[in-house]
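Chain residues, written in single-letter form:
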Amino acid sequence: MNLNPQTPPHPSGDKRFKLLDVAIKRHQFRQDTLIEVLHTAQELFGYLDTDVLLYVGRALRVPPSRVYGVATFYNFFSMKPPGKHTCVVCMGTACYVKGAGPILDALQKEHGIKAGETTPDGSVSLVTARCLGACGLAPAVVFDGEVAGKIGVEATLERVAPWTRDANGEKEPAGMVAQP
Amino acid sequence: MSTEARRELQEKELLARAGKRCRVAACSAAGCLSNGGQAVREALAGTVKDEGAADAVEVIGTGCLGLCDAGPLVQVTGEDGATRLYEKVDAAKAVRIAAEDAVRGTPARDLLNQEDAAFFTKQRRIVLENSGRIDPERIESCVAEGAYEALQKAVTELTPLDVIQQITASGLRGRGGGGYPTGLKWSTVYKAKGARKLVICNADEGDPGAFMDRSVLEGDPHKVLEGMAIAAYAIGADQGYVYVRGEYPLAIQRLKTAIKQAEQHQFLGGRVFDTGFSFRVDIRIGAGAFVCGEETALIASIEGSRGTPRPRPPYPATAGLWGHPTLINNVETYANVPTIVRQGGQWYASIGTEKSKGTKVFALAGKIARTGLVEVPMGMSLREIIFDIGGGIPGGRKFKAAQTGGPSGGCIPAQHLDLPVDYESLAGVGSIMGSGGLIVMDESSCMVDVAKYFMEFCRDESCGKCIPCRAGTTQMWGLLDTITRGEATRQDLALLEQLCDLLRSTSLCGLGQTAPNPVVSTLRHFRDEYLAHIDERRCPAGVCAIAPRPSRGAAPVEARP
Numbered sequence: 074m075n076l077n078p079q080t081p082p083h084p085s086g087d088k089r090f091k092l093l094d095v096a097i098k099r100h101q102f103r104q105d106t107l108i109e110v111l112h113t114a115q116e117l118f119g120y121l122d123t124d125v126l127l128y129v130g131r132a133l134r135v136p137p138s139r140v141y142g143v144a145t146f147y148n149f150f151s152m153k154p155p156g157k158h159t160c161v162v163c164m165g166t167a168c169y170v171k172g173a174g175p176i177l178d179a180l181q182k183e184h185g186i187k188a189g190e191t192t193p194d195g196s197v198s199l200v201t202a203r204c205l206g207a208c209g210l211a212p213a214v215v216f217d218g219e220v221a222g223k224i225g226v227e228a229t230l231e232r233v234a235p236w237t238r239d240a241n242g243e244k245e246p247a248g249m250v251a252q253p
Numbered sequence: 025m026s027t028e029a030r031r032e033l034q035e036k037e038l039l040a041r042a043g044k045r046c047r048v049a050a051c052s053a054a055g056c057l058s059n060g061g062q063a064v065r066e067a068l069a070g071t072v073k074d075e076g077a078a079d080a081v082e083v084i085g086t087g088c089l090g091l092c093d094a095g096p097l098v099q100v101t102g103e104d105g106a107t108r109l110y111e112k113v114d115a116a117k118a119v120r121i122a123a124e125d126a127v128r129g130t131p132a133r134d135l136l137n138q139e140d141a142a143f144f145t146k147q148r149r150i151v152l153e154n155s156g157r158i159d160p161e162r163i164e165s166c167v168a169e170g171a172y173e174a175l176q177k178a179v180t181e182l183t184p185l186d187v188i189q190q191i192t193a194s195g196l197r198g199r200g201g202g203g204y205p206t207g208l209k210w211s212t213v214y215k216a217k218g219a220r221k222l223v224i225c226n227a228d229e230g231d232p233g234a235f236m237d238r239s240v241l242e243g244d245p246h247k248v249l250e251g252m253a254i255a256a257y258a259i260g261a262d263q264g265y266v267y268v269r270g271e272y273p274l275a276i277q278r279l280k281t282a283i284k285q286a287e288q289h290q291f292l293g294g295r296v297f298d299t300g301f302s303f304r305v306d307i308r309i310g311a312g313a314f315v316c317g318e319e320t321a322l323i324a325s326i327e328g329s330r331g332t333p334r335p336r337p338p339y340p341a342t343a344g345l346w347g348h349p350t351l352i353n354n355v356e357t358y359a360n361v362p363t364i365v366r367q368g369g370q371w372y373a374s375i376g377t378e379k380s381k382g383t384k385v386f387a388l389a390g391k392i393a394r395t396g397l398v399e400v401p402m403g404m405s406l407r408e409i410i411f412d413i414g415g416g417i418p419g420g421r422k423f424k425a426a427q428t429g430g431p432s433g434g435c436i437p438a439q440h441l442d443l444p445v446d447y448e449s450l451a452g453v454g455s456i457m458g459s460g461g462l463i464v465m466d467e468s469s470c471m472v473d474v475a476k477y478f479m480e481f482c483r484d485e486s487c488g489k490c491i492p493c494r495a496g497t498t499q500m501w502g503l504l505d506t507i508t509r510g511e512a513t514r515q516d517l518a519l520l521e522q523l524c525d526l527l528r529s530t531s532l533c534g535l536g537q538t539a540p541n542p543v544v545s546t547l548r549h550f551r552d553e554y555l556a557h558i559d560e561r562r563c564p565a566g567v568c569a570i571a572p573r574p575s576r577g578a579a580p581v582e583a584r585p
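Keeping their order, the protein sequence lines are chains F and R. Residue numbering for the first sequence follows my numbering, starting at 74 and increasing by one per position. Residue numbering for the second sequence follows my numbering, starting at 25 and increasing by one per position.
Among the clues, some could well be false.
A few chain F residues that face chain R, going by a derived Cβ cut-off under 10 Å, partial list only [said to hold, decoys possible]: (1) Y120; (2) G142; (3) V143; (4) V170; (5) P193; (6) G206; (7) A221.
It should be emphasised that the hints constitute simulated quantities derived from the structure, not laboratory data. The beta carbon of each residue, even a glycine, is placed where N, CA and C say it ideally should be.
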């Protein structure tokens, strides 16, 4: 354990790196807190790019290979920028037997992307969840953090449609820009 | 905290409660909250305040009330102690419930549903006893119901061996799925040699369709912490970790609050109840890997590495986290401990069957009228759980199978509905008790498709360390996919069965060893469905899209050697 490492601050001066430093310090630079630190990093940046991973590795004195290994092992960590909106389809058993499959199929077909991908214009990310634990609401779909229960194919498509229209109307750049 | 201070805290809270005429509990578990529960709670509290009855009526948020399907739920406890449950409450109904039932004491009868009474009367609650009675975010409310009383008894009156003896006598078995005798596990760690010992609570509830542990952590986090502290005292540990799924933000938040409050009141920390016993608890948040439910993978994950399992022995009981002897139990197992210590092992052993003692929490889901969380004594028949408590299958459809144990379990067909639910009986019909997910399927579910669904899950979640699991799950999924497309032969089926054997006997950890279970059990009970797909190119349930066979003339000539 190194309580006083000489890690230089990130050259960009981005405030989020300072917040990350605080979290790393709170964990006392312990190498076994790598996963906790990556959680914080993803909260701050929205996703984990190579720059962030290297920075975390240096701060915790963990080789980049291990940081990359951990970041790619766990489903929670994403190395790609998320879309402007996120639609999570729960694929837990309860949702599956109540028709989550057709919902996902319809979304994939409608927007031309597979689960885990983002539309080319960066407006919608389609994600599947193992189980939200909201089995009483099956099938459940989460639209930007808001859970909608007992939902059908049509209703799901209707909720997502305006997101793509918005993005195409405003001509926003694709994805989130994390680096200045 | 001293023993007197705990009693004072308890009495003060009970006195404050006695001053209230009525209490209104709004379900604040994740299910009801994501269904508009927060607005309901605000409407209840707002109305009570507007009516000027804030002194006489207590409005609390509480843990899972069980009937998740009919949420948001509100439970009103009147002066006489009688409770009334309101279902599918919205803000408008909440205003009426608060004004009529809570403030004026006249139940809003037209909003009450009497039909669901059986859901509650047939249950027996030990783990969930406080759900609906306490506010999990206020430690005072939990102490009033007896939280940390058992810990006090353990550290001030019992020796570690006494505690282990009580747990052994209770016959408690691991509730995470394996069913290993808890007392035996504790005594192994107690006897293990090590400068330091550790306690881990496995809250990485990964089985899809299971939400028992989440509900327990959300509804009564202090019960789990108390169970861990008692375990730590018994085995001689000073540090504990709760490894909880990242998908459960509310459970994490409630747990963090609970740890902070317990430390403030010195139920956790140094010199617990003025004895030499010290115990601290930290939370580790999982990052979405099913394999981390396996104990050695979970340990690797707490150590900050990729969550891959390692061969056992050595078992964590002798060399676990950072090489120290480590006790790992599931959330529900720990939640049983305080009650056992308080009431005695013999009392607990009087509930249940010969080899499976106590109660089990099940998460009922799927094609069932009353989706929700239930706790029943071991040995109750599946029929009672599904039809009496769960209300049977909606829409007049026929029951086809109950799936227990998630991706490691199996499907139980209708002819075994009268089977008593305990570890041995379920294993006897090719399923497992598992952690408690119980998914009901009706005739509209295709069993081959279900087997394929679970195999896809295992394929995606295989960590890739050992080849039988990494390659085997992919091959098995491929074969199942061929069957559901109507393109398989009998030979493929034979190969599938061969692979089942191979994965079972050669995989490194439980994930691979149990991955064939859904296939094996559906083949055992629903072989005709597999054969219909293969021989007749027909899906009896009408789920699988099987393209009609191309006409003879147009069929491409297959090259044969």
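Interface hint status, F:G142 versus chain R (Cβ within 10 Å): Where the cut-off is 10 Å and the nearest Cβ of chain R is about 5 Å from F:G142, the hint holds.
Verify the interface restraint on F:P193: the C-beta must sit less than 10 Å from at least one C-beta of chain R. violated (25 Å)
Hint F:V170 vs chain R: min CB-CB distance below 10 Å? At 5 Å from the nearest chain R Cβ, F:V170 passes the 10 Å test, so the hint holds.
Would the stated hint for F:A221 survive a check requiring a Cβ distance to chain R of less than 10 Å? holds (9 Å)
Hint check: is the beta carbon of F:V143 less than 10 Å from a beta carbon of chain R? holds (6 Å)
Close enough to count: is the Cβ of F:Y120 nearer than 10 Å to one in chain R? violated (14 Å)
So, as I understand it, the hint says F:G206 touches chain R; can you test that by seeing if any CB pair is closer than 10 Å? Status holds, d = 4 Å.
In the structure shown, a violation is registered for the earlier hints numbered 1 and 5, in ascending order.
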